[in-house]
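K.L.:
The listed protein sequences derive, respectively, from chains Z, W and H.
Numbering-wise, our numbering puts 80 at position 80 of the first sequence, and it's gapless, one number per residue.
Each position in the second sequence, counted from 1, maps to that position plus 304 in our numbering.
Each position in the third sequence, counted from 1, maps to that position plus 583 in our numbering.
Please note that a few of the clues may not be correct.
Some, not all, of what chain H presents toward chain Z, calculated at C-beta under 7 Å [unchecked claim]: (1) Arg679; (2) Arg682; (3) Glu692; (4) Thr695; (5) Leu697; (6) Ser710.
Quick list of the computed label-pair ranges, beta carbon to beta carbon [claimed, not checked]: (7) W:Ile319 - H:Thr777: 38 to 46 Å; (8) Z:Asn67 - W:Ile319: 53 to 61 Å; (9) Z:Trp152 - W:Leu493: 54 to 62 Å; (10) W:Ile319 - Z:Arg267: 43 to 51 Å.
Just so you know, these hints were derived from the structure itself, not from any lab.
Using N, Cα and C, we set each Cβ at its ideal position, and we do this for glycine too.
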Amino acid sequence: MGMLVVMALVAVIVFVLTRAASGDPITVLLGDQATAEDIVRVQKEYGLDKPLPVQFGYWLKALSQGNLGQSIFLQRPVTQALWERAEPTALLALMAVFIAAAIGVPCGIVSAVFRGKFIDQFLTGFAMLGASIPSFWFGLVLMQIFAVSMGWFPVSGYGDPGASLAERLHYLVLPSVVLGVLNSALIIRFTRASMLDVLGEDYVRTARAKGLSEKVVVLKHALRNALVPIITVLGLTVALMIGGAVVTETVFGLPGVGNLVVSAVLRRDYPVIQGALLVIAMIYVVINFLTDLLYMVADPRVKY
Amino acid sequence: MKIPLILKKLFRRRIVLGAAICLLVVVLVALLANVLTGYDPNETAVSQRLSAPTATHLMGTDELGRDLFARIAFGGRYSLTIAALTALGAITFGTLFGLVAGFFRRLDAPIMRLVDAMMSFPDILLAIALVAILGPSMLNVVLALVLVYTPRVARVVRASTLVVRELLFVEAARAVGVSTARILWRHILPNLMSPILVQASFIFAYAILAEAALSFLGVGVPPEIPTWGTMVAGSQQYAHDALWVVLFPGFAIILTALSLQLLGDGVRDLLDPRLKKSM
Amino acid sequence: MNSNPTALRLDVRNLSTFFDTDEGLIRSVADVSFSIRPGKTTALVGESGSGKSVTSLSLMRLLSRTDSTQASGQALFTNRAGETLDLLALPEPAMRRIRGNEIAMIFQEPMTSLNPVFTVGEQIAESVRLHLGLDRTAALAHALRMLELVEIPAAAQRLHEYPHQLSGGMRQRVMIALAMACNPTLLIADEPTTALDVTIQAQILELMRRLQLETGMSILFITHNLGVVAHHADDVAVMYAGRIVESAPVRALFASPRHPYTQGLLACLPAQQRKRELANGETRGKRRLYAIRGQVSSPLAPPPGCAFEPRCDHALAACKEAMPALEPAGPQRAARCILVSEAAPVVTETA
Chain Z
1 MGMLVVMALV AVIVFVLTRA ASGDPITVLL GDQATAEDIV RVQKEYGLDK
51 PLPVQFGYWL KALSQGNLGQ SIFLQRPVTQ ALWERAEPTA LLALMAVFIA
101 AAIGVPCGIV SAVFRGKFID QFLTGFAMLG ASIPSFWFGL VLMQIFAVSM
151 GWFPVSGYGD PGASLAERLH YLVLPSVVLG VLNSALIIRF TRASMLDVLG
201 EDYVRTARAK GLSEKVVVLK HALRNALVPI ITVLGLTVAL MIGGAVVTET
251 VFGLPGVGNL VVSAVLRRDY PVIQGALLVI AMIYVVINFL TDLLYMVADP
301 RVKY
Chain W
305 MKIPLILKKL FRRRIVLGAA ICLLVVVLVA LLANVLTGYD PNETAVSQRL
355 SAPTATHLMG TDELGRDLFA RIAFGGRYSL TIAALTALGA ITFGTLFGLV
405 AGFFRRLDAP IMRLVDAMMS FPDILLAIAL VAILGPSMLN VVLALVLVYT
455 PRVARVVRAS TLVVRELLFV EAARAVGVST ARILWRHILP NLMSPILVQA
505 SFIFAYAILA EAALSFLGVG VPPEIPTWGT MVAGSQQYAH DALWVVLFPG
555 FAIILTALSL QLLGDGVRDL LDPRLKKSM
Chain H
584 MNSNPTALRL DVRNLSTFFD TDEGLIRSVA DVSFSIRPGK TTALVGESGS
634 GKSVTSLSLM RLLSRTDSTQ ASGQALFTNR AGETLDLLAL PEPAMRRIRG
684 NEIAMIFQEP MTSLNPVFTV GEQIAESVRL HLGLDRTAAL AHALRMLELV
734 EIPAAAQRLH EYPHQLSGGM RQRVMIALAM ACNPTLLIAD EPTTALDVTI
784 QAQILELMRR LQLETGMSIL FITHNLGVVA HHADDVAVMY AGRIVESAPV
834 RALFASPRHP YTQGLLACLP AQQRKRELAN GETRGKRRLY AIRGQVSSPL
884 APPPGCAFEP RCDHALAACK EAMPALEPAG PQRAARCILV SEAAPVVTET
934 A
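Given these sequences and hints, build the entire structure.
P.N.:
Written out as structure tokens, the structure is:
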């Protein structure tokens, strides 16, 4: 299966990247505080005196046991660090996808139906603009206007340790608006393209020839067929959000995975970089695979 | 009669024309920066720090009293150069891999799996990781971004190559005995020019945005180099008192990225009538 | 074609459709006039690009509603109640009430003309519910009757199946069932059998003939297949480069075609060629099949005068000067050629 090959390649790439970054894998695994005995023990345990491909094998073995190594700076297993940081990122991604879809899908439909007219040009232009705005800039500007000046939202952070879900969401509003609005651009373009494809199909012409109103033709006959590709793009957008979260979390000081990766890079915390890259990439691969699967399931014409 | 028709179509689409002009303006401003402004972008004047836009300082000054317009104009040189080099590199290597993958069946699967694997990482994360390995410098940022965007170009080029390969004149050339290299160079490559050009425009835009994001996070070019991204990074804490220090570099980024994307879209519409239906 | 005193089902007068493209103004359909009698079949004949499909889409007002499409002229339609309406002047809501109801249309590609995500029964029922106001159960029952009407085996089962589960011939039957669902007075069939196997073609044509006899509807049959025209049409209108060049009752057209293009078309039929050879006393030798020389001119660069002139063996100098008008050329006949008028001698066909 293609997916497994890709995952294998991803593992190789991550392995190569981190080996290239820090020459000494022991420092990667143990940190600066390693004693001479630790070094020898680890060398034997992980076969670090053996050739590189063998080391790769040991690393994979550790992975399969769920061991991503130990964070140098956070003094805990990488897996734990990632898990602790998962919630803000996940919530942020979901909220952002919701906003992006709520804006993107209707605008895309309108754009397709009124193709060539002013509203189409305006929405397409808006989509282009959204794809050209740097997320950090947009975040800073929105923060300035809505948090600092108007005080509607907190400037940064994720709330106190005991905060309720509602409070947490309040902290996430601005960042998810930033991510959501900017990513709606892609959804507008994709929805528009998908709808235009479908609107050009023969069965839409048949529906019109039956005397159905344009509203019914578009929303019942066309949309149901256009929806499948749109849903798959939404799935991909979730994956994109994880990448987009990197910058947004930094701007808004959210304790999420993205923020973790950036600070790990700045501090040369290699186990974290390695672990986070691997986990995120794997999530990407899985999401892509699931959306492909969804496409196959949702289209009654495809047999599998 | 094909060329005049294309120009006629271009002029009909005023937006694309406008985008081309905007881009030209941005490039010219960067190139002629020392002519357009008398200020030295690095010259500090602490007494005038964070002053609002006036007649003397068209875009105001930053936290060290440096004229913002001068910094944006000169900074454009760095930002545009990095992005242009990235586009060039990504196009070159992407075309190479895409062409090979599309033309030689046996190499298709391995190359494409590699491309899939590379594209499994979010762009920014991969770029960050690569710069972390290579170390922060302008060249390394270019290299990292080239590595990030090459797979994307490879995919597009491969798809187009697959289509062109099946066209009859390629079979004819083969039947006559033309060598493979010549086929690739003289027959297939020219037909890929339009998707390649379109991709070049988009990669340029993505690179502008990516470099800015990297520099903002502090994992891009060293902060001494005045790219648009480092400008925002350095001045962000003053946004409350002087929003313009963040606003104007952002506008520069937006204007450039937007023009490039509009241009890419426009060129794609013009040169590929088959796509007109859906886009 | 317009001598019948009783109301025609459809009387098209000077229909023209323009497309404004990047390359220039294209006159897809120009000055088209023909009529359809109640209960009869009129065939609209022409090669690809002659404007036949655009004509039918213009009549149904189904051309894409962008600014670059303009239609002019009149299309006088007499509905069930006996009122005469100009289809091209009707407001859109009124036109919608006619579509699928009084005037139904079936298209060339049965494989793609049905919505893949709805069952066959639902799609027919939808039309019935819209125009006849039936509720869901009654509509589905009606849909079942329609499927049986078009001779689909195991209709009750097919009712709940999706289009992709049916063959091309079946799908076209479903399209006919859909078209007939509200008992239309005019059926527009745009090359309905071109995409089907020859054996299925014959069945579909027979089905349409039978339905016409049973319901008394008129049919506008668009095709490029003269054999089908000979067997199934009552009146014929021949199109070339967006214009009607000849119209006549079917027998008269085949017996004595007046326009050089029609003559050329008929001469292309191998059977006709054989007849001519026998009539001329030629023995069976190696003969090439006749083809009209030349090609259709580009719609962007039409010839100054008659559109057919570059390819016509009887062309005169005057043919280059102006487009001939569509003149009467006999009882219920018309032709667009300066060589043809009541006064001029009849031009005999040549090989």
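K.L.:
Each of the hints needs a verdict: does it hold here or not?
P.N.:
Consistency of the hints with the structure:
Taking 7 Å as the C-beta cut-off, the interface hint given for Arg679 of chain H holds, the closest approach to chain Z being about 5 Å. About 4 Å separates the beta-carbon of Arg682 of chain H from the nearest beta-carbon of chain Z, less than 7 Å, and the hint is met. Hint on Glu692 of chain H holds. Least Cβ distance to chain Z is approximately 6 Å, under the 7 Å limit. At about 4 Å, the closest approach between the beta carbon of Thr695 of chain H and any beta carbon in chain Z falls short of 7 Å, and the interface hint on this residue holds.
Annotation: interface hint on Leu697 of chain H holds; nearest CB of chain Z at approximately 6 Å, less than 7 Å. The restraint placing Ser710 of chain H at the interface with chain Z holds, with a minimum CB-CB distance near 5 Å, inside the 7 Å limit. As the Cβ distance of Ile319 of chain W to Thr777 of chain H is approximately 41 Å, the hint placing it in 38 to 46 Å holds. Checked against the hint of 53 to 61 Å, the C-beta distance between Asn67 of chain Z and Ile319 of chain W comes to roughly 55 Å, which is consistent with it.
The hinted range of 54 to 62 Å is satisfied by Trp152 of chain Z and Leu493 of chain W, whose Cβ atoms lie roughly 55 Å apart. At about 46 Å, the beta-carbon gap between Ile319 of chain W and Arg267 of chain Z stays in the expected band of 43 to 51 Å.
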